[in-house]
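Novice: Since the structure of chain A is provided, determine the placement of chain B on it from the hints.
First to last, the sequence lines map onto chains A and B. With this note's numbering, you'll find the first sequence wraps up at 330, consecutive numbering, no jumps. With this note's numbering, you'll find the second sequence wraps up at 350, consecutive numbering, no jumps.
Any given hint might turn out to be false.
[As the list claims (entries may be wrong)] In silico lysine to any residue, SDA-like type, Cα no more than 20 Å apart, as pairs:
1. A/218 / B/39
2. B/284 / B/163
3. A/218 / B/37
4. A/218 / B/67
5. A/218 / B/71
6. A/218 / B/38
7. A/218 / A/265
8. B/94 / B/40
9. A/218 / B/32
Don't read these hints as lab results, they were simulated from the structure.
In case you want the letters, here they are:
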Amino acid sequence: MADEVLTAPLVLEYPFTRTTGPVIGGFLTGLREGVIHGVRRSDGTVMCPPLEYDPITSAPLSELVAVGTVGTVTTWTWNGEPRAQQPFTQPFAWAMITLDGADTPMLHAVFVDSADDMATGMRVEVVWRDEREGHITDIAGFIPAVASTTGEPAAMPSDVEQVQSVRTPIRMEYTYTPGRALSQYLRAMKDKRILGDTCPETGEVSVPPRGVSSVAGKPTLPELVDLPDTGYIESFNITRVPIKMRPDLTPPYVSAWIVLDGASVGFMGLGMNVEPEDVRVGMRVRAVWKPDDELEMSAQNILGWEPTGEPDEVIADYALVGRIEQGDDQ
Amino acid sequence: MRDVAIVAFSQRQEAMINIESEVEFMVPLMNEAKDAVGLTQQEMGFTCSGSSDFLAGQAFSFVMTIDGTGPVPPISESHVEQDGAWALYEAWVKLQCGDIDTAFVYSYGKSSPGSLRDVLATQMDPYYVAPLWPDAFAIEAMAARHMLEQGVVSERQLAEIASRSRAHAASNPHAVRTAPKSVDEILAEDYAMAPLRPSDLPAASDGGAVIVLAADDKARELCDRPAWIRGIDHRSDAHTLGVRDLTTSMSARIAAEKAGVGNDKIDIAELHAPFSTSEAVLTKALGLGEDTVINPSGGAQAAHTMMASGLIRLGEAAQRISRGDADRAVATAASGPCLQQNLVAVLEGE
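Chain A extracted, bound-state conformation (with noise of 0.2 Å):
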């Protein structure tokens, strides 16, 4: 077992909502009226889809041109798997394609049945999504072209709202592994134990362990050592305003710098069983375990810390203190 890698599902997303400005802005307004727009280069040719700036040159350019929703494919590739966030849930290719009109290819899916059906210098033309927004995935895809369809840009109606935002929601999922030490500490809590690790040079303890000692600058022991439930408050803070993903944590709440009795080093814990008036530097703290039968490998397993009623920790060198209170008689 102990050798078993622990893993956890971590999920990171990322709600951009972007500015866009007048040229890319200008672009996907034209997306959501179905109308596709260039922008004219310092050489006079059109890029689309458009930059605010010339990327070779770095003039910055502003005139928009409208382009066809027909044109060529320069280069493609097939892709037989399709990934969650990909355009298309069946395999398609990607390609480069240059609009009729325009001088340089944009990137987007083509759909076909086979990658026999892909050819460089093929004709496509537009699948407009039914439901437009103003965004890049206004249009679905490409499929080869027919020949009625001639591609001249629609008109552009006049007097409509400018996209001048973008969401471009990012999702990422990992299989999370947390390391040496980490694994060794994760999977003590089950049985209510909490592991420290050790600093070859100073013997220091730090808690949760990282495996390494920043002091040192080496590998900590690699016997994890046992601490006690049991320390004192080295610094709190009192927080009164609610915070949106913790709903679970009713102001006014205390938010405390744990050190457990036999460590070096600190940790964040919730105060628990006690009003935020009565918390005080140097008092003595006890873990408020779940109970036994939800006990997970989690530091969750700790709900929070309450006070012993022990006399308090006498902090002889706290410097900190010192300072505040020196800034309050200022």
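Specialist: Chain B in isolation, oriented as in the chain A frame:
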């Protein structure tokens, strides 16, 4: 200009490192490089690292990894969200300022926890390209088809590159794709992402690398045969794929000229070429001929550790000079889709 040399190098690359965290596997490498020159962290004039938290999804992994250097009392350090070769460049510039004589450079990447092909889609244009999530192999495959159809390279030439990478990698304990395969065997492979075959793609790996730089006599004191950086330059092509000529690399060509690649014979070249196509492009852009051994380590195709592969190219080239296997070498590092950005360094022994 001050003479600056690579005086120590350590590396680790494996198909997957899932027992240890980033900092846990980097600390032994850091100490290996420090011990090789007998320097402590406090004796390093400057420390610069390269990594990306997006690879493993580990927020602030780069901060944890700085802990591994032993930064107590606090050290002078910096970080780039780039391959470690660019961290080395920053350290080289810092050494040129003249107030320090040594620098410590490291980088690492652990991409196995995520999908590297998806993660790399996020480096594309955020308005027009990234929302479609084209993966990195697809982008390279489109460039490859263009190269083939323009007659710049043939499928057999790509297979020759892939076959040679495997042959060289067989003697590299840090390579992960080491099984030999003939050109005909590679040409018989089904396409992975047409027209690229599995052997044309990089073998993904986790790992990291460390390099110690030193200037002038300090380098001679620390190392029997320092690998002197005689020229170093980096350039970037446009971000927009549609305006680039993907059959060549303007950035690599200009960087090679500025670094002085063509001034004398090059014995070996360690090219950061993840794909067979990338090597074909770089060999041409650098003007390398038959008398240069390309990628004696097997190159980035044989083990592609994101954020470290470029730094490892510099280390592999430097090691061969320090061992006396070569007198003049070139190493490159690349970043972005289809070799968008390239760093070129010329290394020489004395």
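Novice: Hint by hint, say whether it matches the structure.
Specialist: A quick look at each hint next to the structure:
no.	hint	in the structure
1	A/218 / B/39	holds (14 Å)
2	B/284 / B/163	holds (19 Å)
3	A/218 / B/37	holds (17 Å)
4	A/218 / B/67	holds (9 Å)
5	A/218 / B/71	holds (11 Å)
6	A/218 / B/38	holds (15 Å)
7	A/218 / A/265	holds (17 Å)
8	B/94 / B/40	holds (19 Å)
9	A/218 / B/32	holds (11 Å)
Hint violations for this structure: none, all hints satisfied.
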